[in-house]
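Engineer: Each residue of the sequence shown is one higher than the one before, counting from 1 in UniProt numbering.
Please note that the accuracy of each hint is not assured.
[To be verified] For lysine-lysine, the following DSS-like pairs were computed, each having C-alpha atoms within a straight-line distance of at most 30 Å: (1) 591 to 552; (2) 112 to 230; (3) 160 to 150; (4) 150 to 218; (5) 631 to 537; (6) 591 to 253; (7) 160 to 112; (8) 86 to 316; (9) 537 to 418; (10) 150 to 581; (11) 112 to 218; (12) 160 to 193; (13) 573 to 631; (14) 86 to 273; (15) 253 to 230; (16) 86 to 112; (17) 230 to 162; (18) 591 to 631; (19) 160 to 573; (20) 389 to 537; (21) 316 to 591; (22) 537 to 552.
If you're looking for bench data, these hints aren't it; they were derived computationally from the structure. All figures in this text were calculated on a predicted structure; none of them were measured in a lab.
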Amino acid sequence: MTSAHSRYHDVYARWKTNPVGFWEEAAREIDWIRPADKIFDPDAGTYGRWFVGAQCNTCYNAVDRHVATRGDQAAIIYDSPITGTKQTLTYAELQDEVATLAAVLQDMGVRKGDRVVLYMPMIPQASIGMLACARIGAIHSVVFGGFAPKELATRIDDAKPKVILSASCGIEGSRVIPYKPLLDEAITLSSSKPDSCLVFQRPQLDCSLVDGRDRDWKAEVSRARAEGRKAECVAVAATDPLYVLYTSGTTGKPKGVVRDNGGHMVALKWTMKNFFGVDPGEVFWAASDVGWVVGHSYIVYGPLLHGATAILYEGKPVGTPDAGAYWRVIAEHGVVTLFTAPTAFRAIKKEDPDAKLLEGHDLSHFRALFLAGERADPDTIRWAETILKVPVIDHWWQTETGWPVAGNPLGLGALPVKHGSPTVPMPGYILEVLDEGGKPVPPNTMGAIVIKLPLPPGCLPTLWHADERFRESYLSVYPGYYNTSDAGYLDEDGYVWVMGRTDDIINVAGHRLSTGGMEEVLASHPAVAECAVIGIKDALKGEVPCGFVVLKSGVQTAPERVETELVSLVREKIGPVAAFKLAITVGRLPKTRSGKILRGTMKKIADGDSWSMPATIDDPIILSEIGDVLKQRGLPG
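Given these sequences and hints, build the entire structure.
Structural biologist: Next up, the structure:
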């Protein structure tokens, strides 16, 4: 299948013929302090490294270099319907804010290579903090605001930050979430303590500061500005880390995905025009959170590297105030492209199925909707196509890759859409589908989706201080390939179809969460003997977790009370983001004769999918019991 209007096939072929030359050309869009000795060194790192020997600064490329040509253009538009606040920062104003905060960080002892953890809501200071770290060569690690103290503590212990940047609160709908008590508890739980914390006091909630450790953000910035102190951009190696972003691990221990400076800039700059079809000066909106990879790549770095205007939105697709919120933002700020999760559009569709709230909003400048973070179901795509009358583009990537692995490249001329497929691999990626033995399978045959090594610029070179875990997690199962842990197939036209995960990571409203981590929490309850968590289909969130627990013999507490306590426990230990609302007590769990719990079969039963009795099952009756329990709870069973 081809398109007469798409340059995709020519560009992909040009990359495949000369990958080093392709990325060398793309790198000309970046300002380098020192050019690379080698565009790609196959002998460096775990699978090779990009732009070896080069020196650069990401903040300079995202902010400073634009000031001379577009200093008065909006760099960031902050729009917060939940607080009624709007603010525009031009590139010149952003440079001043970032350079001043970077001087404060230097005053707090932060130097090149030090780590800074950000535990922030969706406010401009979050983006400014990330860029300030990049400016002075510090490595930032953003943790999703509101994450439970235990989860935050594990990330503090792994990153060992010199400083933590936070705010007094976040806001979820109409609820104010105090961040400082959560941060204080996390630091108490951590064995690695930061030297100091810089706290932004929001008008919605004032928090107390710990003497000798905490500093007031506004006061420190005001002092630095009064003294005229600004930090200059620090030269770093292209292969130095820009940030560490933690993603769920199958063991429950988070994995610190490392992103380097040079390759990250080259890849993101290339995608803004060639993939998203956005020009410098245009308004691009990624409706995500800075705590997730989409926020890193396409709220903060991608648009700014490209000289575009980024929207920083503190709100929801529905409820702030209604299901017309997105249309208001697009119309008011002249957004040409929106990137969000399918969950957002499922929520809008549920609240306003006839799109009546779209009426009265001028979306004539709006060109495309991009969906990613979870599988975009065909019904939602068709609904969005019908109401918006613009291309609706599903695409697929991961925290680890940092930018799209597969998609429909609008900037090269879109290919024909196949609903349910994120289309084709981007330059940089060769996708193959392998069976359990590592052999390629024919088209339209399910298997493990893998990427042939080396990975392109912008992808993770390793995990933070865990090279061996990186090899074991991603490179060992299929030698010569990066294992995506996603299952699916390639069709006869080379379109990829991503159908599910091959490990225990589930996708809840675009957020990757470990069922193994949730099982650890359930198992910590004194009444629980054993448990299993699976992701079950959900019309709104894509998947939601469901926990099956077997109680210890002799437990006197009523099962209903235990279930309620387990829901609260997961909320406390992992956070509301897990959307864990269903704990089910059962007499026993279905297992193989070797003792492996049959989670895959349980999921098929819960989803109402067809399934067959596993040959290795220990007791077939248990599966029918599971089905009966699920039916009692209103699930297919």
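Engineer: Quick one, are residue 389 and residue 537 close enough, alpha carbons at most 30 Å?
Structural biologist: 28 Å, holds
Engineer: For residue 591 and residue 253, compute the direct alpha-carbon distance and say whether it is at most 30 Å.
Structural biologist: Holds, at about 25 Å.
Engineer: Does residue 112 pair with residue 230 here, judged by a C-alpha cut-off of 30 Å?
Structural biologist: 16 Å, holds
Engineer: Under the criterion that the straight-line Cα-Cα distance not exceed 30 Å, is the pair residue 150, residue 581 satisfied?
Structural biologist: 20 Å, holds
Engineer: Decide if the proposed pair is consistent with the structure: residue 160 and residue 573, CA atoms, cutoff 30 Å inclusive.
Structural biologist: Holds: residue 160 and residue 573 sit about 21 Å apart, inside 30 Å.
Engineer: Check whether the Cα positions of residue 316 and residue 591 lie no farther apart than 30 Å.
Structural biologist: Judged against 30 Å, a Cα distance of about 41 Å means the pair is violated.
Engineer: Hinted pair, alpha-carbon criterion (30 Å max): residue 86, residue 273. Please report holds or violated.
Structural biologist: 27 Å, holds
Engineer: Hey, residue 573 versus residue 631, does the alpha-carbon distance stay inside 30 Å?
Structural biologist: 29 Å, holds
Engineer: Does residue 418 sit within 30 Å of residue 537, going by the straight-line distance between their CA atoms?
Structural biologist: 22 Å, holds
Engineer: Verify the proposed pairing of residue 86 with residue 316, using a straight-line Cα cut of 30 Å.
Structural biologist: Holds. Residue 86 to residue 316 sits at ~15 Å (cutoff 30 Å).
Engineer: Straight-line Cα separation of residue 230 and residue 162 no greater than 30 Å?
Structural biologist: The given pair, whose Cα atoms are some 20 Å apart, holds under the 30 Å limit.
Engineer: Does residue 160 pair with residue 112 here, judged by a C-alpha cut-off of 30 Å?
Structural biologist: 14 Å, holds
When held up to the earlier numbered hints, the structure conflicts with 15, 16 and 21 and fits the remainder.
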